Structure formats: C-alpha cells, structure tokens
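J.: Here is what each chain is made of, one letter per residue.
Number of protein chains: 2
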Amino acid sequence: MDITGWRQKIDEIDRKLVELLGERARAVHEIGKLKALAGLPAYEPAREKAVFNNARNANRGELADRDLLRIYERIVDVMRQSEMDEMGVPKPPPSDGLGDTELDPEVND
Amino acid sequence: MDITGWRQKIDEIDRKLVELLGERARAVHEIGKLKALAGLPAYEPAREKAVFNNARNANRGELADRDLLRIYERIVDVMRQSEMDEMGVPKPPPSDGLGDTELDPEVND
Chain P
23 MDITGWRQKI DEIDRKLVEL LGERARAVHE IGKLKALAGL PAYEPAREKA VFNNARNANR
83 GELADRDLLR IYERIVDVMR QSEMDEMGVP KPPPSDGLGD TELDPEVND
Chain H
23 MDITGWRQKI DEIDRKLVEL LGERARAVHE IGKLKALAGL PAYEPAREKA VFNNARNANR
83 GELADRDLLR IYERIVDVMR QSEMDEMGVP KPPPSDGLGD TELDPEVND
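Chains as they are written, first to last, in the working numbering: chain P, 23 to 131; chain H, 23 to 131.
Any given hint could turn out to be false.
One copy or two, either will do: identical chains are not told apart, so a pair holds if it fits within one copy or between any two.
[What the hints assert, rightly or not] Here are the simulated DSBU-like pairs of lysine-lysine, each with C-alpha atoms no more than 30 Å apart in a straight line:
id, residue 1, residue 2
1, 31, 55
2, 31, 57
3, 55, 71
Worth flagging that the hints you see were computed from the coordinates, not collected in a lab.
This structure is a prediction, so every number in the text was calculated from the model and none was measured.
Turn these sequences into a full structure, and let the hints guide you.
T.: If you want it as structure tokens, here you go:
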C-alpha cells in the first residue's frame, strides 16, 4: 500500500476513534450525573488507575505502553474535566496550565 | 444503568479504542518507512491539519470539538514522535518538555 492508501486507512480509523470517544464521553457524562445525585466525588484515583490498567492490558504492542498511556492520560484528563464542569466542581488553580494526570509510577513503568 | 454498568461500558469502549490506536500506530509506522525510502520529511503540517479536520468532521457533538482536538493533539504528537524515532530524525530540543502540537488557530476555534 502506498502513502495515500495508508492515509486513507488512518482517516477511516480516526472516524471510528472519534465515534468511540463520543460514546465514551456520553458514558462519563452519565456517570457524572449519577455521582452528582449520590453525592459521590468526581475524582476517584483508584478508578483512574483501573482505567489505565485496562488500557494497558488491551495493548497488543503496536504502540509502546508508554505512548499509549500518554494518550490515555489526555483522554482521562479531558473527560474528567468535562465531568467536573458538568457537576459544578470548581476548577483547581492552574499549575502548568495543562492539567494532565500525573501518572502513578507503577502505571508509568 | 448504574455506575458499575457505565464503567463496564467504558472498559469495553477502551479495549476497542486501544485496538484502533494500535492499528493507527501500525499505519503511521508503515508511512514512516515509505517516507524514509522516498526521502520525504516526517513532519507535514498540511497533513496534520487534514487529520484534525477529519476528526472534527466526524464529531457528532458528544464531546466538545475543543476537547476532541486536545485528545487528537496528543495522539498526533505521540505517533509523530514515534515515527520520527523510527526514521532516525533527531529530537528537537525540549521546549516545555511536553512537545504538544501547537494547534492552528483555525482548527482550535
């Protein structure tokens, strides 16, 4: 396959990725509503760790674990922030202005 | 559906996301090899812009465009860096240590 062919493949993959990210955002939103009703905290470190572990366990190695986790940090960070906005949780003061999840060293290794 | 049910759904979605990210990494890797053979540059701003536009066009709105693009910045950044490593392109000196794509203002709006 030539470069154009691979790029078409990437564009197809990206459309599926965007659809799944949308489904994921909806699920996070539903959880946010249930948490707000139950008075539960938006941020649960143990659950985030489970999310990273699930992603890493699903990795077949085409992407280095470290690279996959960098992508997942961003997905989790963006969706957590959106959930907190939804729940009316005030934003923490800006640190580096990027608000990324600090990976657990165990997850990062 | 309760919180546990939504979390199971997220875990399923994440396994599919990881599979697609792996397929995407493979395609980027194949393009890297073809580019190296043809002496083409690893970084092509016009192509990256097309990738962002394709992702934005696929968005059905469950995720804000801004949030989707923050996720895509990371995906593109991580995979570009991996492609450059593969092609033997030396890393640029660290700026803020994060190496994120600077979004085109037009894409960011």
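J.: Each hint should be assessed against the structure and marked as holding or not.
T.: Taking the hints in turn, this is what the structure says about them:
1. 31 x 55: between (36 Å within a copy, 16 Å between copies)
2. 31 x 57: between (39 Å within a copy, 16 Å between copies)
3. 55 x 71: Cα proximity of residue 55 and residue 71: one copy only (21 Å, versus 35 Å across).
In summary, the structure agrees with every hint in the numbered list given earlier.
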